[in-house]
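Hey, can you work out the whole structure from these sequences and the hints?
Number of protein chains: 2
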Amino acid sequence: MAKQERAVRTRDTLIRSAAEVFDRDGISTASLTAISSRAGVSNGALHFHFASKAALVDVVEEVALTRLLAVTSSTLPLGASHVQLLVDVTHALADALRGDVVLRVGFALSGETSRARRVDLRERWRCWVEETLQQAEAEGELCRGAEIRDVGTAVVAATVGFEVLGVRDSTWLAASTVARFWRLLLPSLVPAVRLAGIEAGGTRSP
Amino acid sequence: MAKQERAVRTRDTLIRSAAEVFDRDGISTASLTAISSRAGVSNGALHFHFASKAALVDVVEEVALTRLLAVTSSTLPLGASHVQLLVDVTHALADALRGDVVLRVGFALSGETSRARRVDLRERWRCWVEETLQQAEAEGELCRGAEIRDVGTAVVAATVGFEVLGVRDSTWLAASTVARFWRLLLPSLVPAVRLAGIEAGGTRSP
Numbered sequence: 519m520a521k522q523e524r525a526v527r528t529r530d531t532l533i534r535s536a537a538e539v540f541d542r543d544g545i546s547t548a549s550l551t552a553i554s555s556r557a558g559v560s561n562g563a564l565h566f567h568f569a570s571k572a573a574l575v576d577v578v579e580e581v582a583l584t585r586l587l588a589v590t591s592s593t594l595p596l597g598a599s600h601v602q603l604l605v606d607v608t609h610a611l612a613d614a615l616r617g618d619v620v621l622r623v624g625f626a627l628s629g630e631t632s633r634a635r636r637v638d639l640r641e642r643w644r645c646w647v648e649e650t651l652q653q654a655e656a657e658g659e660l661c662r663g664a665e666i667r668d669v670g671t672a673v674v675a676a677t678v679g680f681e682v683l684g685v686r687d688s689t690w691l692a693a694s695t696v697a698r699f700w701r702l703l704l705p706s707l708v709p710a711v712r713l714a715g716i717e718a719g720g721t722r723s724p
Numbered sequence: 519m520a521k522q523e524r525a526v527r528t529r530d531t532l533i534r535s536a537a538e539v540f541d542r543d544g545i546s547t548a549s550l551t552a553i554s555s556r557a558g559v560s561n562g563a564l565h566f567h568f569a570s571k572a573a574l575v576d577v578v579e580e581v582a583l584t585r586l587l588a589v590t591s592s593t594l595p596l597g598a599s600h601v602q603l604l605v606d607v608t609h610a611l612a613d614a615l616r617g618d619v620v621l622r623v624g625f626a627l628s629g630e631t632s633r634a635r636r637v638d639l640r641e642r643w644r645c646w647v648e649e650t651l652q653q654a655e656a657e658g659e660l661c662r663g664a665e666i667r668d669v670g671t672a673v674v675a676a677t678v679g680f681e682v683l684g685v686r687d688s689t690w691l692a693a694s695t696v697a698r699f700w701r702l703l704l705p706s707l708v709p710a711v712r713l714a715g716i717e718a719g720g721t722r723s724p
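For the record, the sequence lines run as chains A and B. For the first sequence, this note's numbering begins at 519 and goes up steadily by one. For the second sequence, this note's numbering begins at 519 and goes up steadily by one.
Keep in mind the hints are simulated off the structure, nothing from the lab. For clarity, every value in this text was computed on a predicted model and none was experimentally measured. For glycine and all other residues, C-beta sits at the position ideal for the given N, C-alpha and C. Please note that a few of the clues may not be correct.
[Said to hold, decoys possible] Per the computed footprint, the stretches of chain A lying under chain B, defined by three or more beta-carbons under 8 Å from a beta-carbon of chain B, are: (1) 534 to 541; (2) 565 to 579; (3) 593 to 603; (4) 631 to 640.
[Unchecked claim] Computed list of chain B residues with no C-beta within reach of chain A, every gap over 10 Å: (5) 521; (6) 527; (7) 528; (8) 558; (9) 560; (10) 572; (11) 576; (12) 587; (13) 595; (14) 598; (15) 679; (16) 688.
Take a look at the structure:
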């Protein structure tokens, strides 16, 4: 393995180990020694890649953002429903949050009041949800009475609730939980005639 | 002022100051010195009341639980709607979370993975929501198709989302936000004939 490739692997391992230790111990109490020992490298190797814990926290957040963007950047087949895309992507996000500790820590960082806000994944998620709802409205997919702002509020609040409650109990991030939420919400969102065409359980396998 | 009364006041001031410092600095980094100085008492006085930071955290959580119980223990006038009670109490909870730092920290403690779960306010809230929905169903207030479990999931996830997002931006806990959520959800919850009788904005002044 070339030296550069090895360095990239060590860096990736350190980022993942840092997220695991942040998730377990909380960011403020997490120690750099716990992170380097979890990654199986020396403290010196950690400091070669990251100048400080704050730098490591920032990088975990940046990587989490790329994971969120990967989840939300699905392209829509021609003529496909934006509402179905919204349903599918909330399922994909819940699934990713359940399995991906870096993404989970990245979301939790949005709520860290003791740290200046930088990336703010929850805010990015809110923007994506609202844009997708606007597209659905522009395509005439929504009920006449459906207010985008109401729906956006409910979807963002509920998904952040799933994310936060899922830290302790992963059934909050289960596909069945997300499907229950959509089954309840969809009749207020799309006209009755379109309802049968939308799968509350999502149309992609996780 | 009698000595005992003064001691009770000092203890109350310490609990509030602790919650303020936990809210601002995070629990793990909060220092006892910051708490005693915020409360305007000596470190010795703090230690007279609380043996350790952990003891103080536990007491903040206990006090937060009594505040939550005060919010959820509203008695229902004879013949009044359990659905309206649910709407009113979510408004009262959002309002209390906006103004009451002890309650806010108590809720946040539910998500602290580095600490053994004791009281768990989010879980208590979930139980109250589900019980109230069961009563609403028993009284025939709900739509035929409404699944209590679906509604409970949506209400608990969304309120926890409001709580968490509200730490950074209190508009998530505004009455207008809570009302938007209910305006969207109520048509899936109660039959059309009952809908006009339920106020999404709540029936009590905050």
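task = Taking the numbered hints from earlier one at a time, note which ones the structure violates and give those numbers from smallest to largest.
result = 1, 2, 3 and 15
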